[in-house]
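Protein chains: 2
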Amino acid sequence: LLYPPDPGSVKVSTIGGNVAENAGGLRAGKYGVTRNYLMQLEAISPTGEEFKSGAKTHKCVAGYDLVSLMCGSEGTLGVITKVTLRLTVLPKFRNTMTATFADASDAGRAVANIITAGLVPATLEIIDNVTLRTIEDFAKLGLPIDAGAMVLAEFDGLSKAAVDEEGTTAAHILQTSGALDVTVACDASERDRIWQARRSALAALSRAKPTSILEDVTVPLPKLAEMIAIVQRIAAENNVIIGTFGHAGDGNLHPTVLTDERDEEEMARAERAIEQLFEAALELGGTLSGEHGIGFTKAPFLKRELGAGSLEIMRRIKRALDPNNILNPGKFV
Amino acid sequence: LLYPPDPGSVKVSTIGGNVAENAGGLRAGKYGVTRNYLMQLEAISPTGEEFKSGAKTHKCVAGYDLVSLMCGSEGTLGVITKVTLRLTVLPKFRNTMTATFADASDAGRAVANIITAGLVPATLEIIDNVTLRTIEDFAKLGLPIDAGAMVLAEFDGLSKAAVDEEGTTAAHILQTSGALDVTVACDASERDRIWQARRSALAALSRAKPTSILEDVTVPLPKLAEMIAIVQRIAAENNVIIGTFGHAGDGNLHPTVLTDERDEEEMARAERAIEQLFEAALELGGTLSGEHGIGFTKAPFLKRELGAGSLEIMRRIKRALDPNNILNPGKFV
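Taken in sequence, the protein lines are chains P and X.
Here the working numbering is used: the first residue of the first sequence is 3, the next is one more, and so on.
Here the working numbering is used: the first residue of the second sequence is 3, the next is one more, and so on.
Check before you lean on any hint, since a few could be wrong.
It does not matter which identical chain is meant; a pair holds if it fits inside one copy or across any two.
Said to hold, decoys possible - Lysine to any residue pairs mimicking SDA-like chemistry, simulated, CA-CA at most 20 Å apart:
{"id": "1", "residue 1": "LYS54", "residue 2": "PRO222"}
{"id": "2", "residue 1": "LYS305", "residue 2": "GLU51"}
{"id": "3", "residue 1": "LYS58", "residue 2": "ALA114"}
{"id": "4", "residue 1": "LYS58", "residue 2": "ILE17"}
{"id": "5", "residue 1": "LYS333", "residue 2": "ARG321"}
{"id": "6", "residue 1": "LYS84", "residue 2": "ARG209"}
What the hints contain is simulated information worked out from the structure, not anything from laboratory work.
The following block holds chain P by itself, in its conformation from the complex (with noise of 0.2 Å):
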């Protein structure tokens, strides 16, 4: 059996956190999130109450779903004491790809036409010239570093019929949405060699420079292509350097600026560009966070997206179940 969700943290993070988060991951486009295999939840409010939603069932509509409320809820609501979660049946075969691009909207573009065309990969991953790099000087995995992206590409399932089959139309729609060359992977070790470069992203981008401020941007997948340009505009005009990687499928990016936080003036073209990357992507009809929640430092825009409105609503749910607000004040509501 498989439990999913697979965020690019897996090594540290708790279920409790992924819950508390509503974590992603690589297989949120096929697989959903966090919140898609939680069946059951029991918690303890602020002021003593315990209490528990949902059901060892595979529907349940008793009362509100509280499930919901509290996951995501970034440890405002409550502490999480119990978990039942949803497993699901491990895939049998796999087929995975890589393709390069010279140009990373180029790679966007692609991406949308995989899922237009009704394909449900697993996994749909973007890596961008400037993440290709700093992994390749990290792990050195014969990645190509010439490449303006790449996309990464893997389709799974129980049959071995359906499985191929995805994955010729999928190399086939990146061919002609203009891959420079498309890789089938032959066996598991050049698979796991893909996923390698994959999950390295992050580690190779924060030691690339002292500070390493990961964003979250998300679209809706026909906007992807311009947002990718949009932060490779945003990086040029405020002469930082963004790494951008993600999960292009779910139209989320991971711009992630490479910074020094000793640099006072660099640091303040560093925020400047990431203020512009929540803009970019709000005016796109997109969201702050497709899977690392608001937190403390996007708080400020969470009224831009959402409006004053919900914030009301977000504040009075807040102050009925925490009155003395003792679970993490000050975190966006």
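Once you've looked at the hints, dock chain X against the given chain P.
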């Protein structure tokens, strides 16, 4: 493209009602319920605030999940004004089959065996003998009225090979689980006849006696056969007619008590039977409602399922959003 939620009440139900109820239906085992297709929701609170939640993106963790809080809240927290729904790819191939069993509990075990084997049917339904006979009286479809129960299964997908493979495996499991016979639909008209039978169930039962009370007990799948046997025992012990059909693959049964509200003595027996159904579902680790909600009639039983702390948290949320208690007062909260 396909909007997968497919409530049995599809001819009369509205999207707003589906969202307020988190409607399920015949495809929920593979495709999930209304909540799984809700990307963004706008609403007006009972005190007049406009609010929204979610995004037009595949994932969103911007503040509390008010989408899920509103979905299934049964009209108690606000008036839903706008929803953005996610569509999925229309499956190209379908494989539909029926199997008859001497005993309804055997049918329940066969259903559990199909899911345990890792198969993911688009639809996996059960119709018991009482319901089969009632449908046949009503619709003259040539149903096997001597069978203890009939199982209806449909597999769908984009790959013919995969759908055929799943269908063959399922047919084999049904046979080795004690089916009297397994019949695979050869063409669209046979398939339509199967689903017409299933979709006639509630209408047929509703015509059979002056009053029909449709229930919605849901148990973990390994307990399904036991729950079916308990429903039959409760019917016999209280001398009431109960026709059972439902989304067996979800552990969700709709035992429908056939009675006459003008007959006070019979109604008392019917109500006792329904209480016993609730008790049994909870004792087996199930829930009072898989997809119909709590409403007024199940409100007295909700504390037994969730405990006093959960009801207190729900009441605080209700008071925080609706201090004057103007929206659906008296419903479960």
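Numbers of the earlier hints that this structure fails to satisfy, in rising order: Of the numbered hints given earlier, the structure breaks just one, which is hint 6.
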